[in-house]
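A.B. asks: Sequence:
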Amino acid sequence: MSALRKIVLSLAVLREACGAIIPPPTGQFSVSRKKVEIPYVNTGDPIAPNNVTTAFLATVYYPTSERFMGPPVPYLDPALAALFEGAYNVTAGSFANLTTNAIVWDAPLLNGTAYPTLLFGPAGIGPPVEMFSILLSDLASYGYTVIGADHPYEQPFIRWPNGTALYGLPPFDSPDIDSGALVDIRVNETKALIDNIPLIEQCLGGIVNSTHIGTFGHSAGGSAAARALLQENRVSSAVNIDGPFLDEDQYADAVKPIFLLSEEVYEDPSWVHFAPEQTGLWKHLGVNGSLHVDFTDLAFWKEVTDVKAHSSSLGDINGYRQVNITRTFVRSFFDFTLRGVPEPIFDGPSDAWPEVVYITVENSTSMK
Numbered sequence: 063m064s065a066l067r068k069i070v071l072s073l074a075v076l077r078e079a080c081g082a083i084i085p086p087p088t089g090q091f092s093v094s095r096k097k098v099e100i101p102y103v104n105t106g107d108p109i110a111p112n113n114v115t116t117a118f119l120a121t122v123y124y125p126t127s128e129r130f131m132g133p134p135v136p137y138l139d140p141a142l143a144a145l146f147e148g149a150y151n152v153t154a155g156s157f158a159n160l161t162t163n164a165i166v167w168d169a170p171l172l173n174g175t176a177y178p179t180l181l182f183g184p185a186g187i188g189p190p191v192e193m194f195s196i197l198l199s200d201l202a203s204y205g206y207t208v209i210g211a212d213h214p215y216e217q218p219f220i221r222w223p224n225g226t227a228l229y230g231l232p233p234f235d236s237p238d239i240d241s242g243a244l245v246d247i248r249v250n251e252t253k254a255l256i257d258n259i260p261l262i263e264q265c266l267g268g269i270v271n272s273t274h275i276g277t278f279g280h281s282a283g284g285s286a287a288a289r290a291l292l293q294e295n296r297v298s299s300a301v302n303i304d305g306p307f308l309d310e311d312q313y314a315d316a317v318k319p320i321f322l323l324s325e326e327v328y329e330d331p332s333w334v335h336f337a338p339e340q341t342g343l344w345k346h347l348g349v350n351g352s353l354h355v356d357f358t359d360l361a362f363w364k365e366v367t368d369v370k371a372h373s374s375s376l377g378d379i380n381g382y383r384q385v386n387i388t389r390t391f392v393r394s395f396f397d398f399t400l401r402g403v404p405e406p407i408f409d410g411p412s413d414a415w416p417e418v419v420y421i422t423v424e425n426s427t428s429m430k
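Its first residue numbered 63, the sequence shown is counted upward by one per residue in the working numbering.
No lab work stands behind these hints, which were simulated from the structure alone.
A couple of the hints might just be wrong.
[Said to hold, decoys possible] Below, simulated SDA-like cross-link-like pairs (lysine to any residue); rule was C-alpha separation at most 20 Å, straight line: (1) K370 / E147; (2) K318 / H335; (3) K253 / E294; (4) K253 / T273; (5) K318 / P404; (6) K370 / G351; (7) K253 / T105; (8) K253 / A117; (9) K318 / P338; (10) K318 / A337; (11) K318 / E294; (12) K253 / L308; (13) K318 / G402; (14) K253 / E99; (15) K253 / T116; (16) K253 / L292.
When you get a sec, could you build the whole thing from the sequences and use the hints?
C.D. replies: Below, the structure is given as structure tokens:
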């Protein structure tokens, strides 16, 4: 083995042992994260014991005046990290050692920003909200209050604010459960989040915007975000990231603004059905080189661990670049639709974003 190869391998081992730092938020505000238990009785839950749940977990990312101090710290719950290390068959500690030097736990909400509120839904049966921290913390650094909802027993693992751990379905499990029923649960929990904004304000110690609200999500979370836009008058715009439109949603005119963001080739027929029905502002963009899981934190993980060798759902696009694309386009859409900030990046291809494919823009409104 050459001396250079030995050095490279030694550095790789050292990096894994010490833990890579996740990409920090790019906005002007410091970011905090807090968990809140949202009371909500669901008597028709197909996954929960006895088909009943009485609460779900909200993880809130929000701007704060408190700055991160001290050395980097692990950003994932150790039990969650260990669970997905096993699911992906990677070296123990690969995910647990990933750190942040930017996200503060349980700091007071920065008041006076008046930025909109964004409600997020993670992928069905995982990964949970915590594994989308790179995107959600970035949005919070621009002033948004971002509230992610984890449905207990569906997500492989959550930890309640009191420290109680709850394991759900195994990662990548595909039980014989009606996906439409799960999406309905997600939509009802989205509505419950809006109803419980006063509770969240009490927990954060500040004002949360209840008049300018957007929904977004990945996979089943994207399906639920779109359905919430269709059903809930309090939701003004939505982003569906790689999620199918279920049942009659695929034939509905959203009327309100909606952005579809997909992997390199997204062939779900529901998106084809959805397109000709739209009369309002809408966009469909794809990302060359990306696959389904590249819209999660794993886009970054594949650059600092060997997880890509164990997943067929991570593409060849550079993970840092994928993170930048997802962050920028999701934020820009909400900046335009909820804040009225012009965003010409949606109007067509550019040298700045060569990976982004403008699949459908011909009957959608300019965002300049």
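A.B. asks: All hints are to be evaluated individually against the structure, with a verdict given for each.
C.D. replies: Comparing the hints with the structure gives:
With a CA separation close to 12 Å, the supplied pair K370 and E147 stays within the 20 Å bound. Only pairs whose Cα atoms come within 20 Å are accepted, and K318 paired with H335 is accepted, the gap being roughly 17 Å. Between K253 and E294, the direct Cα distance comes to roughly 7 Å. Compliance with the 20 Å bound is thereby established for this hinted pair. Distance restraint check for K253 and T273: the Cα-Cα separation of roughly 13 Å lies within the 20 Å cut-off, and the hinted pair is therefore satisfied.
For the hint pairing K318 with P404, the CA-to-CA distance comes to about 17 Å; that is within 20 Å, so the pair holds. With a CA separation close to 13 Å, the supplied pair K370 and G351 stays within the 20 Å bound. Only pairs whose Cα atoms come within 20 Å are accepted, and K253 paired with T105 is accepted, the gap being roughly 16 Å. Taking the CA atoms of K253 and A117, the gap is about 13 Å. The hint holds against a cut of 20 Å.
Our distance criterion of 20 Å between C-alpha atoms is met by K318 and P338, whose separation comes to about 15 Å. With a C-alpha separation of about 14 Å, the suggested pairing of K318 with A337 holds against the 20 Å cut-off. Taken as a hint, the K318 and E294 pair is honoured in the structure, with Cα atoms around 11 Å apart against an allowance of 20 Å. For the hint pairing K253 with L308, the CA-to-CA distance comes to about 18 Å; that is within 20 Å, so the pair holds.
For the hint pairing K318 with G402, the CA-to-CA distance comes to about 14 Å; that is within 20 Å, so the pair holds. Simply put, K253 and E99 have alpha-carbon atoms about 15 Å apart, close enough for the 20 Å limit, and the pair holds. The hinted pair formed by K253 and T116 meets the criterion: a straight-line CA distance of about 15 Å does not exceed 20 Å. For a cut-off of 20 Å, the pair hint linking K253 to L292 stands: about 12 Å separates their Cα positions.
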